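S.K.: Sequence:
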Amino acid sequence: AYDCTPTSEGTSLRGILGLFGVGYTSSTLNNGWPSNPYNLEKKLTANAADFSLSFLDAMVTVGYGPVIGGAVETKARLVQDSNVFEFTQSLENVSGSTSFLNLGFDVGPLELIAGYRMWDTKYKLKTDITLNGSPNSSSTEEETRKWNEMTVGVGFGF
Numbered sequence: 018a019y020d021c022t023p024t025s026e027g028t029s030l031r032g033i034l035g036l037f038g039v040g041y042t043s044s045t046l047n048n049g050w051p052s053n054p055y056n057l058e059k060k061l062t063a064n065a066a067d068f069s070l071s072f073l074d075a076m077v078t079v080g081y082g083p084v085i086g087g088a089v090e091t092k093a094r095l096v097q098d099s100n101v102f103e104f105t106q107s108l109e110n111v112s113g114s115t116s117f118l119n120l121g122f123d124v125g126p127l128e129l130i131a132g133y134r135m136w137d138t139k140y141k142l143k144t145d146i147t148l149n150g151s152p153n154s155s156s157t158e159e160e161t162r163k164w165n166e167m168t169v170g171v172g173f174g175f
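Take the sequence shown: its position 153, counting from 1, is numbered 170 in the working numbering, and each next residue is one higher.
Bear in mind the hints are in silico, worked out from the structure with no lab data behind them. If you're wondering where the values come from, they're calculated on a predicted model, not measured in any experiment. One thing to keep in mind: the hints can contain errors.
Computed spacing ranges between beta-carbons, pair by pair [claimed, not checked]:
| hint | residue 1 | residue 2 | range |
| --- | --- | --- | --- |
| 1 | Asn100 | Lys143 | 18 to 24 Å |
| 2 | Thr147 | Ser43 | 26 to 32 Å |
| 3 | Asn165 | Thr144 | 54 to 60 Å |
| 4 | Asp98 | Lys141 | 57 to 63 Å |
| 5 | Leu36 | Thr105 | 44 to 50 Å |
| 6 | Thr22 | Leu120 | 24 to 30 Å |
| 7 | Ile85 | Glu158 | 34 to 40 Å |
| 8 | Thr22 | Ser43 | 43 to 49 Å |
Computed cross-link-like contacts, DSS-like style, restricted to lysine-lysine with a CA-CA straight-line distance of at most 25 Å [said to hold, decoys possible]:
| hint | residue 1 | residue 2 |
| --- | --- | --- |
| 9 | Lys92 | Lys141 |
| 10 | Lys141 | Lys163 |
| 11 | Lys163 | Lys59 |
| 12 | Lys92 | Lys143 |
| 13 | Lys139 | Lys92 |
| 14 | Lys59 | Lys92 |
| 15 | Lys141 | Lys59 |
Virtual Cβ for every residue (Gly too), placed ideally from N, Cα, C.
Please build the complete structure, drawing on both the sequences and the hints.
M.R.: Shown next, in the form of structure tokens:
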């Protein structure tokens, strides 16, 4: 049974010159089920290069970008009778996109930034299962993940 709320965390770096901006963002979605019998831990990371337009002296910034990389960290273990099953996943490919809206508020030399970011990703994952330390089975599957994040940050003007 699903017993925890997925969480996300990440970082962004953006440069804005006039109306146009370019940035890099990385976000990790943690959607494990820590108290199920398998003690499943699963973290999916998406990295994106994005492009933006700023309006009203960078008070409003909107952007969009493709996912250019990522990672997966998945592990589970189940002990049943005298057998130990271990489950791991590795990333074969990730694709997708991200879009965002940021609002900037000038506070002296700094700009406080609040935003909303949407992710739409597709992961191709290879799953390996071992039984008592020996390879048991392997398969490949695709997972689609969509998540939204509220973001906060600080900007500096030059």
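S.K.: Could one say that the CB atoms of Ile85 and Glu158 fall in the range 34 to 40 Å?
M.R.: violated, 22 Å
S.K.: Mind checking the hinted window 44 to 50 Å against the Cβ distance between Leu36 and Thr105?
M.R.: Roughly 46 Å apart at Cβ, these two residues keep to the hinted range, so it holds.
S.K.: Regarding the pair Lys163 and Lys59, is the alpha-carbon distance no greater than 25 Å?
M.R.: holds, 15 Å
S.K.: That 26 to 32 Å hint for Thr147 and Ser43 (C-beta), does it hold up?
M.R.: holds, 30 Å
S.K.: For the hint 43 to 49 Å, verify it against the beta carbon of Thr22 and that of Ser43.
M.R.: violated, 21 Å
S.K.: Is 57 to 63 Å respected by the C-beta to C-beta distance linking Asp98 and Lys141?
M.R.: violated, 34 Å
S.K.: Given the proposed pairing of Lys59 with Lys92, does the C-alpha separation stay at or below 25 Å?
M.R.: holds, 7 Å
S.K.: For Lys92 and Lys143, compute the direct alpha-carbon distance and say whether it is at most 25 Å.
M.R.: Roughly 12 Å between the alpha carbons, so the hint for Lys92 and Lys143 holds.
S.K.: Is the hinted range of 18 to 24 Å satisfied by the C-beta distance from Asn100 to Lys143?
M.R.: holds, 22 Å
S.K.: Just tell me: holds or violated, for the beta carbon distance of Asn165 and Thr144 against 54 to 60 Å?
M.R.: About 27 Å separates the Cβ atoms of Asn165 and Thr144, which means 54 to 60 Å is violated.
S.K.: When you check the alpha-carbon spacing of Lys141 and Lys163, does it fall within 25 Å?
M.R.: holds, 15 Å
S.K.: Does Lys139 pair with Lys92 here, judged by a C-alpha cut-off of 25 Å?
M.R.: holds, 19 Å
Violated hints, listed in ascending order, are 3, 4, 7 and 8; each of the other numbered hints is respected by the structure.
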